[in-house]
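Colleague: Here are the chains, one letter per residue:
Number of protein chains: 2
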Amino acid sequence: MKVLLSQDDLPRVWFNISPYLPEPLPPPLDPVTREPVSPVKLLDIFPDPIVEQEVSQEEWIPIPEEVLQVYALWRPSPLVRAVNLERALDTPAQIYYKYEGVSPPGSHKPNTAVAQAYYNKISGVKRLTTETGAGQWGSSLAFATQFFGLECEVYMVRASYNQKPYRRILMELWGAKVYPSPSDNTKAGRTFLERDPEHPGSLGIAISEAIERALEDKSTKYSLGSVLNHVLLHQTIIGLEAKRQMEILGIYPDYIVGCVGGGSNFAGLAFPFLKDKITGDKPDTEFWAVEPTACPTLTKGEYRYDYGDTVGLTPLIKMYTLGADFVPPPIHAGGLRYHGDAPLLCAFYHHRYIKACAYDQKEVFSAGVLFARTEGIVPAPESAHAVKKAIDLALECKEKKEKKIILFNLSGHGYFDLSAYDSYLKGVLA
Amino acid sequence: MKVLLSQDDLPRVWFNISPYLPEPLPPPLDPVTREPVSPVKLLDIFPDPIVEQEVSQEEWIPIPEEVLQVYALWRPSPLVRAVNLERALDTPAQIYYKYEGVSPPGSHKPNTAVAQAYYNKISGVKRLTTETGAGQWGSSLAFATQFFGLECEVYMVRASYNQKPYRRILMELWGAKVYPSPSDNTKAGRTFLERDPEHPGSLGIAISEAIERALEDKSTKYSLGSVLNHVLLHQTIIGLEAKRQMEILGIYPDYIVGCVGGGSNFAGLAFPFLKDKITGDKPDTEFWAVEPTACPTLTKGEYRYDYGDTVGLTPLIKMYTLGADFVPPPIHAGGLRYHGDAPLLCAFYHHRYIKACAYDQKEVFSAGVLFARTEGIVPAPESAHAVKKAIDLALECKEKKEKKIILFNLSGHGYFDLSAYDSYLKGVLA
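From first to last, the protein sequence lines stand for chains A and B.
Numbered according to this note's numbering, the first sequence terminates at residue 440, and the numbering increases by one at each position without gaps.
Numbered according to this note's numbering, the second sequence terminates at residue 440, and the numbering increases by one at each position without gaps.
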């Protein structure tokens, strides 16, 4: 069962949760002086309107008409009741998922990529740079920039560039220039190439390259796909739509579930509902952030100041972290391998508004296969973490005979991750 | 701009165009006696309700509730106005596409796969067999059978099995057993393997294997993804939805465009509109069937009796054909490489209700890239043929300053065909 909104119901504002923080976010610190960093410093790599949104205390921020027009290519996204999955689990619970895989790049990422491309365009920027691992974020930014006539330059971790050509092709098809990182376009890249001409790269190096390129040219800016406040803001369109869809059904979720890498898809679904918990309207809703045991940022990390990147170029930010030098094992949910988490998400977790749990790769793929065989859609390995938690909650409801309502974010499809499913089916998954 | 129907608007009947034929379809003939084949013979490989639909003269055939429930996972599919493409072409024409790539297997094929799986299930069948080339049809049948607890056995052309693992994995993920063909499961397969243990296979051999398996076991039946009347019938849900969506907009198409391999996606969109041309309500609508120059069945074939398969197992059917032994070059639009076409489509083409044109692979990919860069969606190479014709019609309208309305079927996405786009972008496409 599916709830579709008409395009007239597309939300016209994003929801900014900052005014509802129990205390102001600890400010980013200069790594040398340990003094708070002025937002002005951010203007080196981000345009004005993005920096404004990063620090805004306005609850509602209008979505520009030009952004809405591109959103309309796939939004509003469907809210679906997973009737077949419920039946397979024989649970009295109702399971709903918000499906973000309907976007052309196949995930929630374009919700922010389109907004960022637009704000850069109106700020006179000509070119955006970014990094990408497996290509989920890079393909979303390539997709977005083409609508606004911006150049897009993507630094793709060389190991992925060589092993996973499909997303690289997708980026090129959407007009982006994709470089295997380390590349010889940047000082940072050349340093690593000198040590090893076949260097496999890392997300940290790719970030350094993308930022270096943005710093050396006034008309070039940098774009980030998660973690920062403005990214989470843009993703709230997910939760705003879901809320409206549940209102149409006359229901409200008891559990809200999302996987967490940097935190943007989780926050996008959760924050519009979290407001109701904070204000006391819906005090009992449970929010579950799901991560891999291979990168257990919330469940095992420390809440402290740390670098956002691996090489130490960014300001220090207060977040749950496994340490900027933490290198998670190469799991298939590449999007969940970040050592830290979004500061906004971390603040609410710290104040116990949000719970967290972690799963092993095998149980996650097992949940993904069950979902594919009941609901028909193959979840991205990242999103399968949320599927797994939704299943566990539904089974708990079965045990307790409770008719609870579970809502999770199916943040993307897994049609570019089929070789991982193949390994799982063949029993050779690490 | 997108027109979405609510699930309450999902059509409850399929449209059967047979009563509107200018003359009855020439009957299938026994290849030896040249006598008409009784429909009863079809019961060896198809269940009762399918054979009934194959020969039905009822205009409206109810869609079973169980089929509607599975359709609801992705249907009604969106009708989209390609505003960005119109702008890029600077045309006064309006271009609309019906997007069938929203189904989990990514094409229109599950519209019939789900119906066929259901009818086999209620007829006591335990297992369905089929053949597949690149895997588009096989993955749709795998997807469909899992909802009805049927086993699914797919014979996949060995060359594709080895070179294109993604759709093979998708079929296995949805619970199917996939065998590279020729296999040692069948007499036909073993014959070819004896000659060459590494035989690359062909669709003709794979059909023989799938049919042989269906003939040797009462509880096993065979399933075909195009060409036959009942397949085209099930696909009419596309056109019925599109008609309703255009009614909401208060418009009616001047041109209706679809690519043609066996003819099912074209017929699915076109037939509900074609009725209006036949009855004289809309005499001026133009219907365009688009094929590759590499396999120009309608544009260069002869209208005569021929075998449906390559090895000559099927009855002789009257259709446009390039000859059962015609081997088209290996183009990327694998779904358009059939030597014949659906008898229903051929009859209407013969009586000049439908026009046909053919394009080269390169111009088709060029259209696909333009579409991806304006509308965001990467078309399947098959569907890109329809995109190309829609673009050409829009440019004609520009020249003639005509505000015509163009509707085409975007029958599937190209996310499993990115290596073909890569070849095109690199300029190495054959």
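Think of the hints as simulated: they come from the structure by calculation, not from any bench.
Please note: incorrect hints may appear among the correct ones.
Any copy will do: because identical chains look the same in the list, a pair fits if it lies in one copy or spans two.
[What the hints assert, rightly or not] Taking lysine-lysine and the BS3-like style, the derived pairs with C-alpha atoms no more than 25 Å apart in a straight line are:
#: 1; residue 1: LYS174; residue 2: LYS436
#: 2; residue 1: LYS187; residue 2: LYS372
#: 3; residue 1: LYS292; residue 2: LYS131
#: 4; residue 1: LYS12; residue 2: LYS408
#: 5; residue 1: LYS414; residue 2: LYS12
#: 6; residue 1: LYS436; residue 2: LYS187
#: 7; residue 1: LYS174; residue 2: LYS408
#: 8; residue 1: LYS414; residue 2: LYS228
#: 9; residue 1: LYS51; residue 2: LYS287
#: 10; residue 1: LYS292; residue 2: LYS174
#: 11; residue 1: LYS51; residue 2: LYS174
#: 12; residue 1: LYS411; residue 2: LYS328
#: 13; residue 1: LYS12; residue 2: LYS410
Colleague: Next step is simple, just say for each hint if it's right about the structure.
Modeller: These are the hints, each one checked on the structure:
| no. | hint | result |
| --- | --- | --- |
| 1 | LYS174 <-> LYS436 | both (20 Å within a copy, 17 Å between copies) |
| 2 | LYS187 <-> LYS372 | between (35 Å within a copy, 22 Å between copies) |
| 3 | LYS292 <-> LYS131 | neither (40 Å within a copy, 46 Å between copies) |
| 4 | LYS12 <-> LYS408 | within (23 Å within a copy, 40 Å between copies) |
| 5 | LYS414 <-> LYS12 | within (19 Å within a copy, 34 Å between copies) |
| 6 | LYS436 <-> LYS187 | between (36 Å within a copy, 13 Å between copies) |
| 7 | LYS174 <-> LYS408 | neither (41 Å within a copy, 41 Å between copies) |
| 8 | LYS414 <-> LYS228 | neither (53 Å within a copy, 45 Å between copies) |
| 9 | LYS51 <-> LYS287 | neither (35 Å within a copy, 66 Å between copies) |
| 10 | LYS292 <-> LYS174 | neither (44 Å within a copy, 50 Å between copies) |
| 11 | LYS51 <-> LYS174 | neither (36 Å within a copy, 49 Å between copies) |
| 12 | LYS411 <-> LYS328 | neither (41 Å within a copy, 61 Å between copies) |
| 13 | LYS12 <-> LYS410 | neither (27 Å within a copy, 43 Å between copies) |
In summary, the structure is inconsistent with hints 3, 7, 8, 9, 10, 11, 12 and 13 from the numbered list given earlier, while agreeing with the others.
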